[in-house]
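Novice: Below are the chains, spelled out letter by letter.
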Amino acid sequence: MSAMEEIEWEECWRERGHDPELERHLRSSLGFVPPPALYFFDCPWIPRSFAEIGYLQGNFRHVGWELYEKLNLVVSQENSCRFCFAAYRFLLRVTGVPEDRIRRLEQDLLSADIDPSERAALDFARKLSRSNPLPSREDLQKLRDAGFGDEALKEIAFVAAHMVAVNQLATLAAVPPERWERLPDRWYVRLTGPLIRRRFLSRWRHPEADHLEPELRIGPFAYLVNAFDGLPIARSMRKVIDEAWSSPLLTRRAKALIFAVVAHGLGSARAEREAARLAANEGLEADALEEVLAHLASPALDAVESEAVTFARETIWYQPAPIQRRARQLSEKLERAQLSELVGISAFANMLCRLDAVVPDAT
Amino acid sequence: MTVSWLLAVGALAGITLLGVLWWRERAEATRLRRRLEDAAGNLEHLQRTFSRFVPEAVVEQVIAGGLPAGERKEVTALFADLAGFTPLAERIEPTLLVEILNDYFERMSRAITEHRGRVSTFLGDGILALFGAFEPNPWQGDDAVRAALAMREELADYNRELAEKGLPNLAFGVGLHRGVGVAGLVGSREKKEFAIVGRTVNVAARVQDLTRQHDADILVTEDLARTLDSHFSLRPLPAAELRGIAKPVAVYAVER
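Chains A and B, in that order, give the protein sequences. For the record, in the first sequence the residue sitting at position 34 is 34 according to this note's numbering, with numbers rising by one throughout. For the record, in the second sequence the residue sitting at position 118 is 118 according to this note's numbering, with numbers rising by one throughout.
If you are wondering where the hints come from, they were derived from the structure by calculation, not from laboratory data. Warning: the hint list may mix true and false statements.
As the list claims (entries may be wrong) - Cut-off 27 Å, straight-line C-alpha distance, at most; resulting in silico cross-link-like pairs (DSS-like, lysine-lysine): (1) B:Lys73 to B:Lys192; (2) B:Lys73 to B:Lys247; (3) A:Lys142 to B:Lys73; (4) B:Lys192 to A:Lys127; (5) B:Lys73 to A:Lys127.
Chain A with its partners taken away, still in its complex shape (with noise of 0.2 Å):
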């Protein structure tokens, strides 16, 4: 048993969504619709966002298969997500991964038999996954060092980055991941593996540079979308920010301020610029801004945004079982899609503020 097992996990607390549509939809470009999509059908860019930035998109022109897998387990390990973890480890063994490379990796990342470029990638994603501070220039060099490009080392800080935001759902919604725990030793695994990793490979590519039209370079967080221009993860970027921003189950001037809090949490200093720019668009005064992100609270937020700033500050460092408690008690304060679009909010603002470690700003 991995010691990810033993840690606390609560029951699952969400009804799982049903809309055809999105499940054909994700289906269509996945090939499956991954679990923890299934628990935010109420605020659909959530699930879109998984087939829009999927790894099987061809959304990554540097980053390897076996190299995407394992900085996801490494990410989800770091974050103590059961789920994912699970997830990423039965996808590394189908996809060919020996049973004994796998523990070495997750028991012991520092010694393990690897790749030194592998383990410069590893280790900085998990840096960049921890709550602050941020992986410094040292640490990017380690990865220019170990040969990695500014492409690829943007488009690894990505992988971690989204890893990140997927840890959050799927461990605030707990999703259950004792199936998935006990699924590479069933003997059906076992039989069809082959052909699972067939089919997961087949869907693999390495697509062209790609390159942002003029009217894709603007809106929210433009600056840190169009440092990734030239990598075909921008473009999806950029979709999934735009359709998160303009979902109505939460206000922009909401979505702001949780952005700002995690921003401010994770030091992440041009984000919080950017975070406030957009807060101030939505006529929030900079002095109630000032004082949420001293206090995290104000006269001049509403119950909603009281909520969404505490909680926001709660999922920048956590541990499940407490953080999940405390999405089952929010469950009864906010509606039911409020409350999902808050989590996803949350843990995009959680990947895109630390993707500011990769973003050199000027100021």
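We have chain A already, so just place chain B on it with the hints.
Specialist: Just chain B now, with coordinates in the frame of chain A:
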């Protein structure tokens, strides 16, 4: 014919022997691999447990064979001490005393961790907790005062339980201070612990001493008070001389 039979039996015996040897080697290799995996699993478990007491980056540096350098950090220190515990300790049975102390520590630790603090150490009947020491926390001051208020509630609750059992009530004093300290692994070669060294922890402990003098259970220094949310109700008290601190320190009683 007989020779052929003998050769065949000999070959069969040889093959069987080789098979047995191969099987034994394989079983031994499997056993060793399992032991290695168990040891690695235990190490992983230990690493996770250790991470509750020391920041993860420090754990990793130690495992990699290095000793992390000290680092300056802004932290909020909370020092809690039971008032009048020594005479109480002399009056009640040692087993009961340990039970009461453990229940008290359990409740106080819960209040601290629920507000993002970490218990650094238990000193007799005292508790030193740190906020912002393990991971940078811009809201550490508010968190620490909320933790102190939660400790006050926990203690009131525990006192009700003690009264029902006919046992004497407990009372505590809590001192809080915010400032910069040096975080690192300190101690001898045999025993090291993650600690914040410097004035911040000392001031919190000295301010705790003032609680009896001011008849207040929770005191904060001005350095902390000026960073707090205005929703906290603070009562200013006269500045006091603290042992080992050059200038008098202004303190506030936290009412709610």
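Novice: Run every hint past the structure and note whether it holds.
Specialist: Comparing the hints with the structure gives:
1. B:Lys73 to B:Lys192: 19 Å, holds
2. B:Lys73 to B:Lys247: Satisfied, since the Cα-Cα distance of roughly 23 Å is no more than 27 Å.
3. A:Lys142 to B:Lys73: 25 Å, holds
4. B:Lys192 to A:Lys127: 25 Å, holds
5. B:Lys73 to A:Lys127: Between Lys73 (chain B) and Lys127 (chain A) the Cα gap is close to 19 Å, so the pair holds against 27 Å.
Checked against the numbered hints listed earlier, the structure breaks none of them; every hint is satisfied.
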